[in-house]
Each structure stands twice: as C-alpha cells, then as structure tokens.
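Participant: Take a look at the letters that make up each chain.
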Amino acid sequence: MSKILKRLSVLEFPESSRIALQYLTSCFTSSSGGAIPGLGGGAENFAVEVSQDYVLFKSATGRTRGPQKKLNAIQELQLLEMVCSCLQGAPQSSRFSIFSVIFGGSIEVAKTTLLTKLVSMALSIGSGAVLDCAALWMQEQGCHSSTVCDLVQRLVEDYCLLFPEISNTFQTLPSVSPLFTCNFITAVATIYPFHEISRAPPAILLDYITSWVSGDPCLCSESVRLVRIQASFSCPFFGLVQWCTLGQILCTTQCEPDLQSNNKLHSDKTKTFSLLSKLHFSILQSFQAYKSMELNQELFHMSHFLSIARELVRLYQLNKDKIQEEEFQTLVDRLGQIIQVAIVTGGLKLSSGKEILTLCEILPQNRLLQIIARPWTTQPMDTS
Amino acid sequence: MAAVCQKLSDEDWLVSRARSCMKTDPFAAKAWMITARTLFPQNFSIQFEAYNLEKVGKNVKEAAKLLEEMFLAFPEESRLWAEVQAILGVLQSEISDNRNSFLTEIFAAISTHSQCEMLLHVADKMSDTLEQCRLLLLAMRKFGSLVDEHGLTLIDKLQRAEKKAAYMTGVNCYRKLLVCDVLPLVLQKVKKLDVPPARLYKWLQQAIEFHVMFITQAPCQPSNQPPSPDLMSPTKKGKRFVLIPGLYDRESQVTDPWGSLLRLLVLIGQHLDWEIDRDLFTQTRDQQWQYVFNIYNRAKQIQGSPYTKQIVYVTTVLFLECLYTYVSSVDPDAFVGGATVHGPLVLIEGFGGDLSDKPSPSKAKKSKTSGSATNILATPGVPDSQKIIESFLTAFKCYELLHSKQELQREFVSLCEVWRMETWTWMAHFQTDMLMYQGAFQDALAHLQSCTPLVKDSMKIRSSLQMACCFMALGKYGRSCEILLEVISFLPGGQRADKNTVPSDPVSSGRHLLLTLCTEEEIIPYCVQLLLSCLKEKALSPNKTDDTALGHMVVLLQYDWPRQEPLFQQVVKKVRSQGSFTYNLFFNFIINIDILEEFAFLKTQEGGKVSLDILPVSTKAIAQQRTVTRGVNKNVKEDFKHTMEKQVARSEESIDNLIRSFLLEERQQIIKSV
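Read top to bottom, the protein sequences are chains A and B. Residues 1 to 384 (full-length UniProt numbering) are what the first sequence spells out, left to right. Residues 1 to 674 (full-length UniProt numbering) are what the second sequence spells out, left to right.
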C-alpha cells in the first residue's frame, strides 16, 4: 500500500478528505509526482483509489481497512465545499484532470448524485471553475444523454420550478461559464423538446434562455468551439429552432393555458410569442456569429428541418380551425429564414438542390421558400 | 395587398415584409432583414433598409456596423453619401437634439479608420468649398495625423477661395476658418513646416487683418427697433458678436480674439525661429515694450537686419493691441462687445500747479522737439486709468519706433496699405490724442476739424473740448471760450457729488495732459479753469484795464473756493491799483461771503477807498437820471449797504447752478471779454 493511503487510513473526516484532495491536486500539478513516467506505479493509480475512498467514500470491496462510513448531510456539504475550493484553487490546466479522476469513468448513481449536488452548489456560488469542469463532463457524456439530462433536470427543479423567481445566479450564468450555459441549454432543449404542449419548457426557463442567447450571439457555438479537442459535439441550435417553430404552433393552437401541465408556460400568450420571436431572431444572429468564428462544422442536416416541416404541416392540418393560414405562413417564413441563414453561414450544407425542393414539397407554397430555392433549382447555363 | 406584393421584386418584397412588422414585432422585422441580406448581399437597398431599421430601433452599434459595411461595399451609392453627409453635418451643427446626438453616437461607434475615410471621401465629393473646408477641418481636428498631409492643402484652398470671392473685408468666412481654426491647428501639429518665410508672413498679415477688423467692428444697433432686453443686460453686453456671412452662429464666434491673435503670432514666430516668449502677451506693458526695444537695439548693430520683419510684426501687433485697449476705453461704444460701463474719455491739456503755467505756443513747440517727458494724469473718476494711460503711451512708443527707421517705416506702411488702414476710422481718436500729446496743436486741430463730420454724437463733447484746448494753446482764446461755452450748453444741468476739482500734480510743474471722463462733473471744473486762464490773460495784464474780464474772473473764482484765493488776491490788487471797478453783474453772480467782504472792505478808507460801480444798475446811469444834488452818493451808499446785506443771505445758494447760469446767460458777454 502506498504511503498516501496509509497516511489517509489513520485520519478522520474531514481531515482525510482534505489531505486526499491536496494529494489529488499535487498529482496533476507537480511534475515530480513521485512517479517516473514509463516505470509504472505512477501517482495516478493511487489518485483513483484516493478519490474513490476519501472523496466518494465508496465502499471498496476487498478492502477492510480505511473509511467505510457514509457521510451525513452536513459532512457532505463540508465535502462539497472542499471539492469546490480544491478545483477553484487548482491551476486551470489540471482542473479537469482532478475533476475527472473523481467524477469521470463509469456512471454510478452515488457519483452522479454527488456531482449533481456539486454543480448545484457551484451554480449558487457562481463558481466558474467547477461549472467549466461540469460542462466538459457534460460534453463527454453527451448533452442528450440521460445522465446529463437527469442532472440538468435536477438543476431546473432546484432553480426554476421550486422558486420560479428571477435568480441572479441564473441571469448571469453566461458570464460565469459560457460553455456550461451552452450545454445546459442543449440539455434543457432535450428535456423540453416542445414538440407537444406537455413538453413545453417552463416559462421562466424560456425567459432565461432567450435573454442569454440574445445577449451573446456566440453562446450557442461555445460547445462547437471544443470540436478541436473533442470530435463529437452537441449544440443547442436544433432544440431552439424546434422551440420557435413547433412551440409557436403549439401555443397558437392550444386554446387555454393548460393548468395540468404545471402551469409551465406564461399564461399570457403574447408574452410567449414575443419571446419566441426574439429567440428566433437571436438564433439568426447566432448563426452569423457562428460564421465569423470560422469553425466550419455542420450544425444541422437537412433531415432535421424536413422533420420539423412535416410536424408543422401535421399540426396545421390537425388544428386548421384554430390557426389562420397567414399565421401558419409566418411559421413557414420563420423556418425558411432559419434554413436560409444556416445555409449562408455554413451551419447547414446542402448536397444538392433536391433537398430544398423536398422541403418545398412538404410545405405549402411560400414566396420566401421559392426565393431560397431559386439558386438551387435554376439549372446552370449551359456553358459548352 | 397580396396582388401588389406579387408585383414587387424579390428584394422589394423582402423589404416590405420587414417594414410591415416593424411596429408589431421588431424582432421579426430584424429577422427578415438578416434573411434578406443573406439572400441579396449585393443589394444596396436591402442593406440600407437594414440600417434604417436599426436606426429606428435606436441601436447605435448595429447601425454603425451596417453603415460601415455599406461604406466599404457600396462606395458609389448616393443615398449612402447623403446619409454620411447628414451625419457629418450633425457633427458640425450646433443644435444638439435627440436625433443629432443619436447620429453623433453612430459616427462615434464606427471604427476610426472608417471615420477618417468617410470624412475625407465626403469632403472630396463636396462641390461647395466652404463645406469642403469645414469637413477637412473636422477631419483634421478629429484625426491629428491628417494635418501633415492635408494641412497645407487646406490653407491653400481657403486662400484661393477667399481670393476668388473677392470680399471687401478681411472679416469673411474663409479667412475666419483660415486664421482661427486651420492655422493654429497646422502650426501646432506640424513641427517642421516646409514653407518659405514669405508665406508665414503672409499668413501672419492676414491673421492680424482679420482679428483687428473683427475686434474693431462697429456695433450695428438697429435704430428702428429698441434693443432687446438681452442686449441691454450688462452681462450679455460683452457677448454680442457680429455674424460672419456663410458661417454658423457658433463658427462666427471668436472667443478671446486678441488672445488668439497673440498666440498665433507666437506660433508663427516659433516657426520663423524668432526669440519670442510664449507668454510675452501676458506680461506688463513695460516688459512687452522692453522686448520690442531690445530687438530693435540688437537690429541696429546689424546692417540689413534680419530682424526687420520681426520688429515690424511684433511692434505692429503690440501697437494695435494697445491702441484697441486705449480706444475702447476712450470710446466705449466704438466696438461690438465693448463692455466698459463708463462714458467716453477725453485727453486734454492739463494745468500746472499754478495757472500761470498754462501752455504757451512756444512751449508746446519745444516739447514737441525735445521728446516727450509729458505726463498724463487721470481724474479719479476714470476707472483703471493706469492701464489706459500705459496702453496709450506704449502705442505711442510703438508708433514712433515704427517710424524711426526707413526700412521699418517702409514695411509698416506697406502693411497699412494692404490693410487699407485709412479706412479704420476708429484710429482717429488715437491720432488726435497723439498729436496733442506731442504738442502739435495746429495739426491736432486740423485733424479734429477734418473729422468733425464723422464724429458720433456721443463723442462731440470730446472733440469740442480738444478743439478748445488746441485753440487755447494756440492763443486763440476767443474761439476757445466760444467752444467751451457751447460745450457747457450741451451738458445737462446737475450738481457735483463732491467738490472735486481738476487735479494738479504738485510735483510736475511742467506740461501735462489730463485724462478725464466726458461728464458734467469732470468737465465743468475744467471749463471753468480754462475760462479763467483765458480771462486772466486779459484782465490781469498790468497795462490794460478790463473790468468786465476782472468781474467775470471773480464770478468764476467762486467755483473752486477757497483754492482760488491766491488768484483772487491778484484780482483785488489789480482793482485796488485801478482805484475803481465797474461790474454790474456783481450782485447777480457773486455770493461768496469772503469775496463780498473783501469788496465791502475795498470801499472803505482802509481798503483803499476804491470806487465801486457794482450795483445792478450803474451809478453813472442813476447819476444821469437824477439831477445832480448832494446826497446822491449817500443814497447810493445806502443802496450798496442794503444790497450787500441782501447778498450775504444768498451765500448758501448752490454755486454749481449759479456758475452754470452765469456761463449760459452771459455767454456772449464772456466771449466778448476774452
């Protein structure tokens, strides 16, 4: 057994955890971690064990010595505080390594529970360091994954549903950790896809997200930025597009505010409409910002839009008595605008004009779509 | 509606969609504009509409960004230029309303490089030279680095434009921009100017001309309408200014014009490698004069001196500045913005401690040749008199210096010709005063007479008093008295606040001049003095008898009693030696108790038994009426005693009113007797 484990085994909480965290920090910060690279038996091996036993307090099978006890609520809070300050105090380059050694690896309930509590705490104290780590973790796990969505769901419950007042923590979130905000939005849009009225986002969340996205046109591209170090990425664009197209038609056709659905949306429809319009405009602005960031990634596939278009038409057919054609055309315009700006800014790459024609076939006749389709349909002049 | 829409081009249709929802849903409108711009990036109308939309939405940053993009992408669009011009117009305008300040903000939000390009580009397109110069000036002010490249070009442009416009006066819009705005900027920013000295002198000459003519503009009071309360208020008085045609109100103003000219002189001097103190013009007159005098002395030692131009220009500016200070005090209403609260001042011949010291023509001539040790004294009523006198003396010294050597005079005269100085009528006062100061009364008189038709009402008294002085000095007492009495008849009656008298400097018994206010209070004592000295000449001459003149003297002596007692004693001596005295106005105008007593005494045995015929009706006349009987004289005696007693009762009367009515009522008599 290593020296450190021996030393820790004789200590009581909280001293044990404090020393454990110190040790973890030293593992990733000092080049002289005690281990000679390539010779095996490096510090990292112990780091995993130390974090398992003295941060996560996981009862390790086969180990009889050392701490086995569960922490009570106060002690857990104390521990979370220590983790927070440990990450905040660590140099930026090693922060995520420390975070990973504790929370990375396989998904375990105890681990994600503790992580959820940590992120919640970081949100309340506005700790950018911890949120940045959590954002990277979300990215690793994938923002549409159930693990991430569960965590985000807990945050939404804590911060938006229990106390739906304006929270300063939430308002200023993009300035604390833009990446976390971006991934948070992606996850929120996964939880609340707004493709049916029961899955509408809580009103307060729509408020927050609209103001975040309109306040910083680069916000939605934060996760795309990481494409340089991480091959896969998720971004909130598609979810938000769905909000301001499908969401809009759902709100329009829904007669009364649905009291059953937890009073999620604003009882005042105009307020929701104006938020969705603002969100739509902000998405276009974000596309423009995305272009200037020169990331050259495809944000969408045409199939995304085709599915939205089909759903739009289906909802329209279903509720023809509740929505006027003009209103519906406005939504088609909205979708058309998104597609057009996405194409121009490189977020959507068309392989052929056929794709856009398919879209036109799904949707009713619309002048904007015709204008958009024209360059793709007009056959190039025969130059031969 | 739909049908109309169908006819629109795609571009116009997109714009119309944006417009249609601008009020109800501004975000949708902006979304339309983004879409339209991506669909037709080369379409100016769409970009411009997007810009207008941001303007309506008061989004400074977005509007500025779009404007800048358009500026780069559509440099030939006239609508864009109209907009840019409007913005630049606002930058120069003086009205700061909401619209203007918003446009200013847009401009401020544009990158510096584009701002600069816009200004130069628009200036280049302007057909109106004045507008163009304004913009270039604005550009150079905002972007100092432009001065090197465009400064001299702009100067040329302004000079050419002024020449082409052929103005009658140096106060015109191009000259104003040149000397007040462009030259200071260029001279300050460009450290090493690559221009021949001749051009620098030309600039300086134009600057002096502009400033002097600007400062000395006569106020143009519209006579048919009463001045607005705004103009009447003393605080506002100083702020009046004359508009220069072609310029905006704000542009027409030159705050501290002398300061600006003097700074420009120093600046140009530095470019000409003159030794000139930055703060020369904040120093005392004496120090300024010393500076000029030092270069003058240094120049004397060098043949074909390089200092000539420097001397001429610095001295001329100093001369003009002193002159302005002096004339604006002497004639406070002469110039626009004159803020002096007192009335006109007059420089007149003073009296020595003793009246016998009055100037004689021969003496005056002597003082003219023997340089000037002549003092100028001011009556206590003259505010800030030291400054005024110093300014006059310094101006005089500068003037003499400029005429002391041929080459200086040549330079100065040629400047005067360029400026057509003969049309600067405000200088007339100085010329008169200078001639009087030199004792050249004949010339002064000629100058005064030639100016008479031009003299303003407010300055008539001044002019008359000086003429009277000259006549007096030339020995023409009659003319002198005539003019003085006329002056008095112009003055409104009034009482002296305190019995101030003409100051006489006990130390300098020599000739001196007196600077005094043209007010009743200050002038009557002076007139009385002057009249007395005229009368004295005749009345006291030992081999002549002129009782009327003597009588008039006695009346006037009361004015400044008892200071005039010594002179009165001379009169008494003369009367006693004559043994008789006839003056029928005696009891009309003599009320001074001391004098009455003295005359009563003269009649007595001890007093010399002088035969006095001073009753209102001559004793001779009575004697002729009555048959010659004994006791006639007794009656007369009784009358005399009685009248004397009655007269004593009048001794409390106002001497001011008495003398005034004497001078007015007996005007003809008095003139006859001198």
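Derived from the structure by calculation, the hints contain no laboratory data. Each hint should be verified, as a subset may be incorrect.
[To be verified] Below, a list of computed lysine to any residue pairs in the SDA-like style, where the Cα atoms sit at most 20 Å apart:
#1 B:Lys61 with A:Ser292
#2 B:Lys61 with A:Pro217
#3 B:Lys65 with A:Asp216
#4 B:Lys65 with A:Ser292
[To be verified] Computed, partial: chain B to chain A, Cβ under 10 Å:
#5 Lys30
#6 Trp32
#7 Asp194
As the structure is a computational prediction, the values presented were derived from the model and not from experiment. From the three backbone atoms N, C-alpha and C, an ideal C-beta is built for every residue, glycine too.
Participant: If a hint holds in the structure, say so; if it does not, say that too.
Facilitator: Hint check results:
1. B:Lys61 with A:Ser292: OK: Lys61 (chain B) and Ser292 (chain A) at ~17 Å, within 20 Å.
2. B:Lys61 with A:Pro217: 14 Å, holds
3. B:Lys65 with A:Asp216: Given that 20 Å is the threshold and the Cα spacing comes to 17 Å, the pair holds.
4. B:Lys65 with A:Ser292: With a Cα-Cα distance of about 14 Å, the restraint between Lys65 (chain B) and Ser292 (chain A) holds, given a limit of 20 Å.
5. Lys30: 5 Å, holds
6. Trp32: Check passed: Cβ of Trp32 (chain B) comes within 7 Å of chain A, closer than 10 Å.
7. Asp194: 45 Å, violated
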